[in-house]
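A.B. asks: Letter by letter, the chains look like this.
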Amino acid sequence: MDKSTFEERQTIAGPMHSELRHDSAHKHVAGTADYIDDIPEPAGTLHGALGLTDRAHAEITDMDLSTAAALPGVVCVLTAKDMPHSNDISPTHLHDEPVLADGRVQFHGQPAFAVIAETRDIARRAARLAKITYRDLPHMIDVADAMAGGGELVTPPLTLQRGDAEGELERAPRRLKGRMRIGGQEHFYLEGHIALAVPGEDDEMAVWVSTQHPSEVQHMVAQVLGVPSNAVTVNVRRMGGGFGGKETQGNQFAALAAVAARKLRRAVKFRPDRDDDMTATGKRHDFLVDYDVGFDEDGQILAVHATYAARCGFSADLSGPVTDRALFHADNAYFYPHVKLTSQPLKTNTVSNTAFRGFGGPQGMVGCERIIEEVAYALGKDPLEIRKLNFYGDGNSGRNITPYHQTIEDNIIRQIVDELETSADYQARRAAIIDFNRSSRVIRKGIALTPVKFGISFTLTHLNQAGALVHVYNDGSVHLNHGGTEMGQGLYTKVAQVLADSFQIDIGRVKITATTTGKVPNTSATAASSGSDLNGMAAFDAARQIKERLVAFAAERWQTTAENVTFVPNHVKIGEELVPFAEFIGQAYAARVQLSAAGFYKTPKIHWDRSAGRGTPFYYFAYGAAVSEVSIDTLTGEYLVDRVDVLHDVGRSLNPAIDLGQIEGGFVQGMGWLTTEELWWDEKGRLRTHAPSTYKIPLASDRPKIFNVRLAEWSENAEKTIGRSKAVGEPPLMLPISVLEALSMAVASIADYRECPRLDTPATPERILMAVERLRGR
Amino acid sequence: MAQASDSIRFILNDREVALSDVAPTDTLLDFLRLERRLTGTKEGCAEGDCGACTVLVGRLTGNSESLVYETVNACIRFVGSLNATHAVTVEHLAASDGTLHPVQQAMIDFHGSQCGFCTPGIVMSLYGLWLTKDNPSRAAIEKALQGNLCRCTGYEPIIRAAEAAAKERPSAVFDPITRTRETVAARLKALRATETIVIGKGEDCLIVPADTAGLATVLAEHPAATIVAGATDVGLWVTKQMRPINPAVFINGIAELQKIESSEAGLTIGAGVSYTAAFEALVAYPTFGALLDRIGGEQVRNMGTIGGNIANGSPIGDSPPPLIALGATVTLRSKDGTRPLPLEDFFIAYGKQDRRPGEFLESIFVPALPAGDRFAAYKVTKRRDEDISALLGAFRISLEGDRVKTARIAFGGMAATPKRAKAVEAALLGQPWTEDTVRSAQTAFETDFQPIDDWRATSAYRMLAAKNLLMRFFLESIGEEAQLQRFEDVA
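For the protein sequence lines, the chains are A and B, in the order given.
The opening residue of the first sequence carries number 1 in UniProt numbering; numbering runs sequentially from there.
The opening residue of the second sequence carries number 1 in UniProt numbering; numbering runs sequentially from there.
Heads up, some of the hints might be wrong.
Stated by the list, open to error - Short, incomplete list of chain B residues facing chain A, as computed with Cβ under 8 Å:
no.: 1; residue: E47
no.: 2; residue: T99
no.: 3; residue: Q104
no.: 4; residue: V123
no.: 5; residue: R151
no.: 6; residue: E156
no.: 7; residue: P157
no.: 8; residue: L475
Said to hold, decoys possible - Some chain A residues well away from chain B (every beta-carbon gap over 12 Å; in silico):
no.: 9; residue: K81
no.: 10; residue: S90
no.: 11; residue: G226
no.: 12; residue: D275
no.: 13; residue: V568
no.: 14; residue: L711
To be verified - For the chain A half of the interface with chain B, some residues (derived, Cβ under 8 Å), not all of them:
no.: 15; residue: H28
no.: 16; residue: A30
no.: 17; residue: Y35
no.: 18; residue: D38
no.: 19; residue: R125
no.: 20; residue: R128
no.: 21; residue: Y189
no.: 22; residue: D273
no.: 23; residue: G488
no.: 24; residue: L640
no.: 25; residue: G661
no.: 26; residue: T676
no.: 27; residue: R703
no.: 28; residue: K705
no.: 29; residue: F707
no.: 30; residue: L769
The set of hints was computed from the structure by calculation and includes no laboratory data.
The structure presented is a predicted model; accordingly, all values stated were derived computationally and were not measured.
From the three backbone atoms N, C-alpha and C, an ideal C-beta is built for every residue, glycine too.
Isolated chain A (complex conformation) (with noise of 0.2 Å):
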């Protein structure tokens, strides 16, 4: 028995709630952290690339190939008729995404071909020498086209309504209604999307793909091969970044790689070059939201009546679900009394928007905190003045009902609101702003103090499903493997923590092993915000169903009862007998115990009609708060964004260091969409910011100048979270609206605040100036 090493060290390293490095943090700064493109290629392995076609709108009358294909080093080109079984990849199942564009073109940039060729260099050459007829046909480029074509919709609208909006706005004492356009934006991912698919025996494809969906890439491979999902195996150690654009848009090159690597027997290889990527694959949605409100003299918001209108893109994608999530955050944190909100998913031809960070919600957000300011500026009040008016109250105050009839009970803005606009000190620096404005002839300020509320679970219930799979092995070192894939967001690092809590091991023996397929089938995409959520508790499931196994093992071998045996600290103590993990292990093997177990977990709780616009889409909500502010040169519309302050609510966090990271990151993120990244088509529907070159993510000296960020340190999730914690990826993204409305307050003192600026995204400085123009002289 030993017991010198518990009594020096009466903690494991790595439990929950520690501050723990990102797991492969060493190998990212050597180098040596290997992205699909690292991995030694199979010998012969061959390289794909993308055939784009250069019309928004046409049918293709001839697309002659045959240049391509005879350029030395070319080994074939596909085409839609070489998919074997199906040229559909469309993830909702409304066969209106198909891997290669077949006859028709429905986007500037649409792959119509592939070239398969022994470098990636000839691929690339070949694939721009196809020629290509078409028949131009009438193209609907932004959402303002589609809506004088028509409107067509690629998916079903949603509306959410309760009371009488309609009859409220025309009773109301003052109504206001105005229109904002929110700019999408590109993912950015580092790592730009990659297949490698490696063909095996009888029907079997192996595809290392980087992928926030393991499982949905099996599928399509699948469905495209004509193989049972059993047949295909899909891996995934690490994605250099996804935020969402690895969602569902890596299927369409694991698609085409596995179709190459069946036809030619060969292992095929799909890195489109950045400007493929950004071109040929979905972004954030932009929206028109056109609202219409009803207020009080205070500022008391009595009705809200919106239309989100979003440019879908070509297909369906998850526009459905995001715009649906746009509703569900067209209230932030405000009660609304009467409410009818419309989305209005339209068709256009541009590549299919997709998931980004926020899923819509941040678009909701967005146009929300539009409706408080322009109440505001229409009273002559600090638009936070008419955030406290219209929160969210407590369980008594009847005013706790969303626009889908959920009920919030674990309401904690105004705590957050009220510490933050004290430790910022948000009344004095604007007053101070205000005066400073009033003498500085050039350079204006402005400050923002704006709350976020964002709703936990994916919308579709289904979906809020995992599994895990723990291995202990008989040397006492576990195996950790779970659907959730790791992206940059820490989710390996904080279910690890949660398995060398749950045995009491260091995390020094817990091995973090790559995303498969094989391992946990049926998986839901590493979205949402749910990683931890839901694979944090499948682990630890997995790891009950052992130690429960364990514990009786220990309590027949020990003679004593199952209260007795404890998990401490690298041993298990049985009785007063502390027995090293690792021996202990070796004692159950011996004794024929299984030491491995399959955990599963399902989000209690929710439910949602749809069709019904009711139910309880989510199982809790993160809040958090911003207070931003900016200075703006109103000769050029160039700003600075001066200081940031952040208070944010993760529950009681997993990994206080990884949480910070995902709300600064998130944060700065959130800010590029709204001011610097701007997505650009020319008249042929042709994006012209396809690069980095110029399509502009904020660089080390974009953000704010000073940053102070904290966690809300005594939120406790309400409801039963792994360690009560509560999912942090997405809800930070929206915090950065402050600075919108920081820059919108800095516009807005050119006509002395009497006027909304009504600033459109991305506020980039052509539109700070422009807004600065149209107050100039009111």
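Using the hints provided, position chain B relative to the given structure of chain A.
C.D. replies: Then chain B, alone, in the frame of chain A:
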């Protein structure tokens, strides 16, 4: 020792490499990843904008013969341009016992990586900074990171890591470059070509001339050759447009083109002087230094040259407008001699410059700013750093009494070439230097320019901002604060 003339020889980490089978378009990144399987260096964009491919390249500078290491984008750095250099990748940083470099360790300790894909590039950029600055300010750190995109962290932890690493200065044993500096310098000296290197046959070749005379000879033989200096533009012709560039003539190693000479009359800048190297000289002209700091990222500034920025004829190059406003002239050289030309006359039309077959740009002469002249250049972009100008205005005026005596104003992004605003100049000349004069001169921009709409800005914005930049120039001349500054101190 006789220098072989048919191979590119350089040092990669701790090995000497001699390559005799190099295509003009072969990039350092592909060489590292595909040939050497050094996969720590990543491809993020293949156009020098994201920095995931950042490596250090050490070279002996001009006459001083000192060994400097600079960050570069391996994705657009051609192998043919590497002769007599030392390429250092992320794999070279840790000690042989696996001990990480302080920069790497700080990135771990401060949680500076999330997805990790940009991380090797960030580590290399921070390492480049660590080598040159003991106690970098936040401004200096941000400048070092201008060419590195991170989509996960929001940068804050990376900045903290850079600050912490700066304090860690263990013995040279831990630092691979410090440790080998002298031996590497000696080896690079030996690798320097004394005659022209030619790899390939006929027009399908790459050529590395040893000096300007060699360059003139080569261009006389191959008048259609692509002259490649920093490759920050030509690199994209290859990686994005897949254009052939053969015969390619790599001139980045020619010491004569990297000279900067200063006299009372002004500055003579060799066409091969990088933005980074030009900074020290051009910083003497007010705002020019700050402007240079907003061209590309550090990697691009280390590779890209003032000469290339002129010779490629782009209407949105950042150095021509201020140089035109300063009255710069260029010298073109061929086998037959040299030809001086006012810079503004070099630009004929979009994509058309006054460079004759066999000619190359040798140097740029920038007259000294006469005492009393006021000069400023303003760049306007969507994103402040590492962005291409929506427009760029350069202003120079002198007063006689309170009246405008001379005015030279030039803009980029407003026309098909960098162009003077002659109507605006005329509207100012002889007028009192007052806000009223400026207001009435603003309308003259409409005579000078009809800018276009594109993804960087609309025509309306360009016009309005151009007018307002003149107002900014005026307001600053009377001491008003009319421009935002993130940091007081310049990096």
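A.B. asks: Any hints from earlier that this structure breaks? Give me their numbers in increasing order, please.
C.D. replies: As far as the earlier hints go, 2, 12 are violated by this structure, in ascending order.
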